[in-house]
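Protein chains: 4
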Amino acid sequence: MKVIVDFTVVPVGTGLSLSPYVAEVERVLQRSGLHHVLHANGTNVEGEWDAVMAAIRTCHEALHAMGVVRIHTDIKLGTRSDREQSMADKVDSVNRRMATS
Amino acid sequence: MKVIVDFTVVPVGTGLSLSPYVAEVERVLQRSGLHHVLHANGTNVEGEWDAVMAAIRTCHEALHAMGVVRIHTDIKLGTRSDREQSMADKVDSVNRRMATS
Amino acid sequence: MKVIVDFTVVPVGTGLSLSPYVAEVERVLQRSGLHHVLHANGTNVEGEWDAVMAAIRTCHEALHAMGVVRIHTDIKLGTRSDREQSMADKVDSVNRRMATS
Amino acid sequence: MKVIVDFTVVPVGTGLSLSPYVAEVERVLQRSGLHHVLHANGTNVEGEWDAVMAAIRTCHEALHAMGVVRIHTDIKLGTRSDREQSMADKVDSVNRRMATS
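Protein chains in written order, with numbering that gives the first Met the number 0: chain A, 0 to 100; chain B, 0 to 100; chain C, 0 to 100; chain D, 0 to 100.
It cannot be assumed that every hint is accurate.
Label pairs and their computed distance ranges (CB to CB) [unchecked claim]:
| id | chain 1 | residue 1 | chain 2 | residue 2 | range |
| --- | --- | --- | --- | --- | --- |
| 1 | C | D81 | A | S92 | 41 to 49 Å |
| 2 | C | E60 | D | S85 | 19 to 27 Å |
| 3 | D | N94 | A | M65 | 12 to 20 Å |
| 4 | D | M0 | C | M0 | 36 to 44 Å |
Don't read these hints as lab results, they were simulated from the structure.
C-beta: ideal position from N, C-alpha, C; glycine also.
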């Protein structure tokens, strides 16, 4: 089952700068080989359900290994049974609507 | 790694009543044996990361099997490396603060 | 427009215990007069859109006033145009499904 | 109080294609004058708290006016009291970390 995910990892009880932790999340995703796109409030990822969830788990393990004691994460995800859809398809679909309206 | 999760499953492209689908989510969780509590905007679950994530995946599979073509799910989750904390601990901790302030 | 909301306030850059901040959120909601229910991963609130959103804004202001420099908040919300539905209705509706299945 | 927001509007009880509704959300944001960026799982927006929340409310009103009876929306937001930070700053900050590691 394919899944398209947006997730945001929020370390708790660290300093104010979260970018070292978001950078580590990016490194975990690069090593995972999953297609992912960073945006201002999280990271979009697509792939097989188990691979994507394993990558998010690895992010938690990597941040705990960096000394982050408590982590809050938000995940938004979508699956569909009718057809495969990529993250690029979703944005294209809206842009086509905007162009023709 | 233990995780405390809140998740909300939103079927897309069905009728307006979502309760048959939320009831199915509840049934999946009951069969999982995981401790879970339904609330007005989702379900709280706690357990080992892989068991909880497998249960959420099973919810998607069960709803697709009921004919739901597209599913949007939100997950909020927390892990901590210092100590185990249960869902009941979290609520108790706030209630103690309220009582003593 | 009525709204049913679940929200979670996550202070960033503080200590590990978040209960003092969640307790402050509870106090803000009590003063707001809005119907609200604390659960293990957030707080459910219902009311008029502007009143609920004003209360969440007041939570941010109150936590910044306590010295929290950075705050991450998740909100899940629902509106419907066909009829009024309360938080209790939503849970009852699922429980009725469970009882009759 | 400035806020950086990611939000996703999920119409319930409509057809499977959500792009007409996401396009309407984009139109509302364009008319709002707020800086916003569409991504595969939502839209990022930044601005004054009240202006951003008013825009999200207008999205709900616009979709209900299109005939959507029930709407589920997820919002992730951040405020900070120490300094102004833009959406571009957040991405730049992570990219700098990646480049120097």
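To see whether the hints hold, each was checked on the structure:
no.: 1; hint: D81(C) / S92(A): 41 to 49 Å; result: violated (27 Å)
no.: 2; hint: E60(C) / S85(D): 19 to 27 Å; result: holds (21 Å)
no.: 3; hint: N94(D) / M65(A): 12 to 20 Å; result: holds (19 Å)
no.: 4; hint: M0(D) / M0(C): 36 to 44 Å; result: violated (23 Å)
Hint violations for this structure: numbers 1, 4, all remaining hints satisfied.
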